[in-house]
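A.B. asks: Sequence:
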Amino acid sequence: MASKASIPKGTRDFSSLEVSKRQYIISTIQKHFKTFGFKPIETPTFENSDTLMGKYGDEGDRLIFKILNSGDYLKKANAEAYENKDSVKLSSSISEKALKYDLTVPFARYVVQHQNEIDFPFKRYQIQNVYRADRPQKGRFREFTQCDADVIGSDSLWQEVEFIQLYDAVFTSLKLEGVTIKMNNRKILSGLAEVIGESDKLIDFTVALDKLDKIGEEGVKKEMLEKGISESAIDNIKPIFNFTGDFSQKIDLLISLLADSEIGQKGIEELQFIQRALDKMPLQTAKLDLDVTLARGLNYYTGAIFEISAPEEVKMGSIGGGGRYDDLTGIFGLKNMSGVGISFGLDRIYLVLEELNLFPQEIEETTKVLFINFGEKEALYALKAISKLRGSSISSELYPDTVKMKKQMTYADRRNIPYVVLAGGSEIKDEVYNLKNMKTGEQNKFSLKELFAHFSD
RNA sequence: GUGGAUGUAGCUCAGUUGGUUAGAGCACUGGUUUGUGGUACCAGGGGUCGUGGGUUCGAGCCCCAUCUUCCACCCCA
2 MASKASIPKG TRDFSSLEVS KRQYIISTIQ KHFKTFGFKP IETPTFENSD
52 TLMGKYGDEG DRLIFKILNS GDYLKKANAE AYENKDSVKL SSSISEKALK
102 YDLTVPFARY VVQHQNEIDF PFKRYQIQNV YRADRPQKGR FREFTQCDAD
152 VIGSDSLWQE VEFIQLYDAV FTSLKLEGVT IKMNNRKILS GLAEVIGESD
202 KLIDFTVALD KLDKIGEEGV KKEMLEKGIS ESAIDNIKPI FNFTGDFSQK
252 IDLLISLLAD SEIGQKGIEE LQFIQRALDK MPLQTAKLDL DVTLARGLNY
302 YTGAIFEISA PEEVKMGSIG GGGRYDDLTG IFGLKNMSGV GISFGLDRIY
352 LVLEELNLFP QEIEETTKVL FINFGEKEAL YALKAISKLR GSSISSELYP
402 DTVKMKKQMT YADRRNIPYV VLAGGSEIKD EVYNLKNMKT GEQNKFSLKE
452 LFAHFSD
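Residue numbering for the first sequence is 2 to 458, as defined by the numbering used here.
Note that these hints are calculated values from the structure, not bench results. Backbone N, C-alpha and C define an ideal beta-carbon position, used for all residues, glycine too. Just so you know, not all the hints are guaranteed correct.
What follows is a list of derived Cβ distance ranges for each label pair [what the hints assert, rightly or not]:
1. Gly72 x Ile119: 31 to 37 Å
2. Glu270 x Pro137: 38 to 44 Å
3. Thr368 x Asp156: 49 to 55 Å
4. Asn438 x Glu377: 24 to 30 Å
5. Val404 x Asn438: 21 to 27 Å
6. Gly72 x Glu270: 55 to 61 Å
7. Met406 x Glu356: 39 to 45 Å
Please model the complete structure; the sequences and the hints are all you need to start from.
C.D. replies: In structure tokens form, the structure reads like this:
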């Protein structure tokens, strides 16, 4: 029984046009990764479960695709967990591999595993698919491509400066204007939590704060209260709910707000360092903004946090993100390795470029010239010209079957092939090729040499 | 994981309070046109109405379940 052809939810097929467009974005990003000195690596599509589990928080664990063990996995299953319907325990006993959830954790694993072969600071880029068992919705897929660049083994803030320039360079190349690079620092968030005496609730505090633009001041307060953060504590940081002004004004506000927090002061210094550097080297098209509510996910960020917002007219979540993590490799046993990195969300950038109509026209180019197939002798005659054209990288092809001309012409038309060559008995006799311009309908007979010259300029 | 919408031809969709043989446009195939595509005209093929159950004399339409896709939440690129 043939089942209906389909693909799993949250996955996609790509047409050749879509592939070309994706390639266009990838090659742009890749070009800049290279010019900034990053080297490519790749890691497996799936990892050992314990490499991934517990690295993204409870929510993250839920979203990791687990791979069922091969063989008679039920024999080795945790019987007790099965009895108690404890899915978490059971799954760890029947699954020991999982699809990768992002590129950062496998990278950390890679660094620890290959530490003796790596020269630090290590700058690597990685463009691969990652998998999340999420419910698909706009701009959200279960298989998608991340383009990451990270530096590990240096705590220099110049890296943060360079990553901002890298973002700017890529979006400038893609002609995507109006992108905002939102920046924050985990130390600022720690400082705020410290100032209000809720350091132990840092995660709850930041997650709630992150929703400010979505659920508003009242919503955030409500969520904080629900998480057990006191009303007076919330009052203490009230100014950040109306955190406006330019970068410097925001810094000034933070200085007064975080006067009593050592870690907060440290965060401010880091932000100021980056700001001063970028003042001297202005960005080309991107806007840099300080957003203290920015707390996006990743539990391991310890310093800078970045998030990229698409231009305002496009309704799309973040199209990239990143930050510094002082101790990512610590989980795998390698201490004192500071890393900082950024990620481009290829699939979302694609949607944004599509919506704003920013893909260049030439992406759709196909075969330049199609040779009509009139029969065996004629095909051979055509192929002589075709190999010559191909030798100069002019894409050309022979229609494979000797079918009705109308069908062959229609085929060329459909595929937007700009030229067709008709070469039958009379052309062979005169040693010419009848070249037809599909747009104008114009036809001219050329010798092989002339034909070649026609496409060579 | 929670909530809402959705599913009819390859695609986009119409289909009346439940009533004979389920339609249109586009696409496809053939012809008008035997070595000339796009436009036009003519003809043709193509459907288990997502799937399974139920109500009914009768279901594309009503009910239940399930799956898909989309949207929002959690979370996130």
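A.B. asks: Does each hint hold? Answer for all of them.
C.D. replies: We went through each hint and held it up to the structure:
1. Gly72 x Ile119: 31 to 37 Å: holds, 36 Å
2. Glu270 x Pro137: 38 to 44 Å: holds, 42 Å
3. Thr368 x Asp156: 49 to 55 Å: holds, 52 Å
4. Asn438 x Glu377: 24 to 30 Å: Given a distance of about 27 Å, which is inside 24 to 30 Å, the answer is holds.
5. Val404 x Asn438: 21 to 27 Å: holds, 23 Å
6. Gly72 x Glu270: 55 to 61 Å: holds, 56 Å
7. Met406 x Glu356: 39 to 45 Å: Holds, at about 41 Å.
Comparing the model with each earlier hint shows no violations; every hint is respected.
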